[in-house]
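Colleague: Place chain P on chain Z using the hints.
Listed here are the chains, written in short residue letters.
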Amino acid sequence: MGLKDVLTRLPVGFLTVLKTLGRKPVTIQYPEQQKPMSARFRGRHQLKRYEDGLERCIGCALCAAACPADAIYVEAAENTNEARYSPGERYAKVYEINMLRCIFCGYCEDACPTNAIVLEPIEFPTGYTRESMIYTKAMLLEPPPPGVPDTPQQTPPGKYDRAILPFPPIDESV
Amino acid sequence: MPVLLEATLKSAVLLFVLLTGFAYLTVLERKFIARLQARIGPNRAGPFGLLQPVADGLKLIFKESVTPAQADKPLYFLAPVLVVVPALILFAVIPVGKGPTFQLASDINVGALYVVGVMGVAVYGITLAGWASNNKYAALGGLRASAQVISYELGLGLSIVAVVLMASSASLADIVEAQMPGNILGWFIFRQPVAAAIFAVTAMAELARAPFDLVEAEQELTAGFMTEYSGMKFALFFMGEYVKMIAVSALFTTFFLGGWSGPFVNEFPALSVVYFAVKVLACLLLMIWTRATLPRIRYDRLMALGWKVLTPVAIANVIVTALLIVLGVPGFGS
Numbered sequence: 001m002g003l004k005d006v007l008t009r010l011p012v013g014f015l016t017v018l019k020t021l022g023r024k025p026v027t028i029q030y031p032e033q034q035k036p037m038s039a040r041f042r043g044r045h046q047l048k049r050y051e052d053g054l055e056r057c058i059g060c061a062l063c064a065a066a067c068p069a070d071a072i073y074v075e076a077a078e079n080t081n082e083a084r085y086s087p088g089e090r091y092a093k094v095y096e097i098n099m100l101r102c103i104f105c106g107y108c109e110d111a112c113p114t115n116a117i118v119l120e121p122i123e124f125p126t127g128y129t130r131e132s133m134i135y136t137k138a139m140l141l142e143p144p145p146p147g148v149p150d151t152p153q154q155t156p157p158g159k160y161d162r163a164i165l166p167f168p169p170i171d172e173s174v
Numbered sequence: 001m002p003v004l005l006e007a008t009l010k011s012a013v014l015l016f017v018l019l020t021g022f023a024y025l026t027v028l029e030r031k032f033i034a035r036l037q038a039r040i041g042p043n044r045a046g047p048f049g050l051l052q053p054v055a056d057g058l059k060l061i062f063k064e065s066v067t068p069a070q071a072d073k074p075l076y077f078l079a080p081v082l083v084v085v086p087a088l089i090l091f092a093v094i095p096v097g098k099g100p101t102f103q104l105a106s107d108i109n110v111g112a113l114y115v116v117g118v119m120g121v122a123v124y125g126i127t128l129a130g131w132a133s134n135n136k137y138a139a140l141g142g143l144r145a146s147a148q149v150i151s152y153e154l155g156l157g158l159s160i161v162a163v164v165l166m167a168s169s170a171s172l173a174d175i176v177e178a179q180m181p182g183n184i185l186g187w188f189i190f191r192q193p194v195a196a197a198i199f200a201v202t203a204m205a206e207l208a209r210a211p212f213d214l215v216e217a218e219q220e221l222t223a224g225f226m227t228e229y230s231g232m233k234f235a236l237f238f239m240g241e242y243v244k245m246i247a248v249s250a251l252f253t254t255f256f257l258g259g260w261s262g263p264f265v266n267e268f269p270a271l272s273v274v275y276f277a278v279k280v281l282a283c284l285l286l287m288i289w290t291r292a293t294l295p296r297i298r299y300d301r302l303m304a305l306g307w308k309v310l311t312p313v314a315i316a317n318v319i320v321t322a323l324l325i326v327l328g329v330p331g332f333g334s
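Keeping their order, the protein sequence lines are chains Z and P.
The numbers in the numbering used here rise by one with no breaks, and the one at position 15 of the first sequence is 15.
The numbers in the numbering used here rise by one with no breaks, and the one at position 308 of the second sequence is 308.
This is chain Z alone, in the form it adopts within the complex (with noise of 0.2 angstroms):
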């Protein structure tokens, strides 16, 4: 580097620096602002429900078995039409779900026969125990729709026979 350029360019690099503080800072201040998630992005686990308000969820612990990191636990319980959770003979008496453990790969979804447990693109689960940081079902169960009981439901005998709907029936007129 020459004294021209130590002249012409220095200059140059300083000025180019000091530009930037026209410039709006690019930080996103986490807490309170967040950046857009993808609708896809697998975060935290929710334990969907039905729109009648029955959890999806039929405690079969199939997620557990495809969990690669062992995170799930699941303990299932018999329904009843006086204390039914969910459709079928079964619900999850216990949902427990590590996330020091969950590696976020989405099998669980994948192997759910019901669609109960989705990844949905919601807050990151955070800690400061390792206590805390063990989701139980109250945690990951959403909330029922608007103006519909929350289970345990009264039911009327046979309604909720099956724990997965069969398929329609196949219209033979077409």
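By construction, these hints were calculated from the structure, which means they are not laboratory data.
In this text, all values refer to a predicted model and were calculated from it rather than measured experimentally.
Each hint should be verified, as a subset may be incorrect.
[Unchecked claim] Listed next, the in silico SDA-like pairs over lysine to any residue satisfying Cα-Cα at most 20 angstroms (straight line): (1) Z:Lys-35 to P:Arg-39; (2) Z:Lys-24 to P:Ala-34; (3) Z:Lys-4 to P:Glu-29; (4) Z:Lys-19 to P:Trp-289; (5) Z:Lys-35 to P:Ile-40; (6) Z:Lys-4 to P:Pro-193; (7) Z:Lys-4 to P:Ala-197; (8) Z:Lys-24 to P:Ile-40; (9) Z:Lys-24 to P:Gly-41; (10) Z:Lys-24 to P:Gly-49; (11) P:Lys-308 to Z:Asp-5; (12) Z:Lys-4 to P:Val-309; (13) Z:Lys-19 to P:Ala-282; (14) Z:Lys-24 to P:Glu-29; (15) P:Lys-308 to P:Ala-200; (16) Z:Lys-19 to P:Ile-40; (17) Z:Lys-4 to P:Ala-304; (18) Z:Lys-19 to P:Ala-235; (19) P:Lys-10 to P:Val-273.
[Unchecked claim] Which chain P residues stay away from chain Z? Per the calculated CB distances, all over 12 angstroms, these: (20) Ala-7; (21) Leu-9; (22) Phe-16; (23) Asn-43; (24) Ser-146; (25) Met-303.
[Stated by the list, open to error] Just the calculated beta-carbon pair ranges, DEER-fashion: (26) P:Ser-65 to Z:Glu-131: 31 to 39 angstroms; (27) Z:Ile-28 to P:Ile-61: 30 to 38 angstroms; (28) P:Gly-57 to Z:Ser-38: 39 to 47 angstroms; (29) P:Ala-38 to Z:Thr-129: 32 to 40 angstroms; (30) P:Tyr-299 to Z:Ile-28: 32 to 40 angstroms; (31) Z:Glu-32 to P:Ser-65: 35 to 43 angstroms; (32) P:Val-3 to Z:Gln-33: 55 to 63 angstroms; (33) P:Pro-47 to Z:Met-37: 28 to 36 angstroms.
Glycine included, C-beta positions come from ideal geometry on N, C-alpha and C.
Modeller: Same frame as chain Z, now just chain P:
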């Protein structure tokens, strides 16, 4: 007022100002650099991040102070002190305002020599820190520091010699007076631009700040000489660096920017302190701006720049200045 009491009071005020200045200089640097990089900078601790130095200080106080098992203990503890003390006592001879009221050791006639001497001592702290830590990164950082500072001290000293020639006095108060307070063209930055440029570059190298921060080049040397320092001992190094930044800015102001001079200082002597502070702040911002702009210089080029460019140019500048003064060229000599 007894001299001792006056000196004690002035020292206390100066220490308070310098330490507060150090604390907020760190915030200023982080904020300003952030703005230069289209970021926001610290803004969480208190309004606009103004409590950030308090948070940093508290954190460092409560950190465990680790001493390496094989360290040379007395030197290991002495090194941070040797960095901070010269940085603080540099201010003793700098006139921060008009008249003896605003000078700690009022107007010693070898002020410029004192400045060069004290700045030379500061490198011992860094070199000893590198040696005493018993760590290869620290040792390399310390060696680099000594080589770098010795090389650049020559240019620095010679650029001050030109200023001393111009003022025909080594007293810092006289140097300010020689810049004809009231007329901006009297400032030595206009009458001695080469010396000013050399002083600016060598002072930045003397401080081991970007682009001359090879002493703590984190990509090669983790943290250089401070690798093994933690807690308050680390804070002392940090303090030494920033207080020295303020001191060097104050020296540049005194030598080249007319010191405390400015309009209306004769009517309101207190105004001179404000002018001084504003000029120092401008120098500090320039230093931070430089850090945001220039990448770190390669080590051999650093040495080449010091020995092959700055030192010869500084010597030539001293000779030319002396000739011009002897020949009685207007604007040179007093």
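Colleague: Hint by hint, note whether the structure agrees.
Modeller: To see whether the hints hold, each was checked on the structure:
| no. | hint | result |
| --- | --- | --- |
| 1 | Z:Lys-35 to P:Arg-39 | holds (16 angstroms) |
| 2 | Z:Lys-24 to P:Ala-34 | holds (11 angstroms) |
| 3 | Z:Lys-4 to P:Glu-29 | violated (30 angstroms) |
| 4 | Z:Lys-19 to P:Trp-289 | holds (11 angstroms) |
| 5 | Z:Lys-35 to P:Ile-40 | holds (17 angstroms) |
| 6 | Z:Lys-4 to P:Pro-193 | holds (16 angstroms) |
| 7 | Z:Lys-4 to P:Ala-197 | holds (15 angstroms) |
| 8 | Z:Lys-24 to P:Ile-40 | holds (9 angstroms) |
| 9 | Z:Lys-24 to P:Gly-41 | holds (13 angstroms) |
| 10 | Z:Lys-24 to P:Gly-49 | holds (19 angstroms) |
| 11 | P:Lys-308 to Z:Asp-5 | holds (17 angstroms) |
| 12 | Z:Lys-4 to P:Val-309 | holds (14 angstroms) |
| 13 | Z:Lys-19 to P:Ala-282 | holds (18 angstroms) |
| 14 | Z:Lys-24 to P:Glu-29 | holds (18 angstroms) |
| 15 | P:Lys-308 to P:Ala-200 | holds (17 angstroms) |
| 16 | Z:Lys-19 to P:Ile-40 | holds (15 angstroms) |
| 17 | Z:Lys-4 to P:Ala-304 | holds (18 angstroms) |
| 18 | Z:Lys-19 to P:Ala-235 | violated (33 angstroms) |
| 19 | P:Lys-10 to P:Val-273 | holds (14 angstroms) |
| 20 | Ala-7 | holds (41 angstroms) |
| 21 | Leu-9 | holds (40 angstroms) |
| 22 | Phe-16 | holds (31 angstroms) |
| 23 | Asn-43 | violated (8 angstroms) |
| 24 | Ser-146 | holds (26 angstroms) |
| 25 | Met-303 | holds (15 angstroms) |
| 26 | P:Ser-65 to Z:Glu-131: 31 to 39 angstroms | holds (33 angstroms) |
| 27 | Z:Ile-28 to P:Ile-61: 30 to 38 angstroms | holds (32 angstroms) |
| 28 | P:Gly-57 to Z:Ser-38: 39 to 47 angstroms | holds (42 angstroms) |
| 29 | P:Ala-38 to Z:Thr-129: 32 to 40 angstroms | holds (37 angstroms) |
| 30 | P:Tyr-299 to Z:Ile-28: 32 to 40 angstroms | holds (38 angstroms) |
| 31 | Z:Glu-32 to P:Ser-65: 35 to 43 angstroms | holds (36 angstroms) |
| 32 | P:Val-3 to Z:Gln-33: 55 to 63 angstroms | holds (59 angstroms) |
| 33 | P:Pro-47 to Z:Met-37: 28 to 36 angstroms | holds (31 angstroms) |
Violated hints, in rising order: 3, 18, 23; the structure is consistent with all others.
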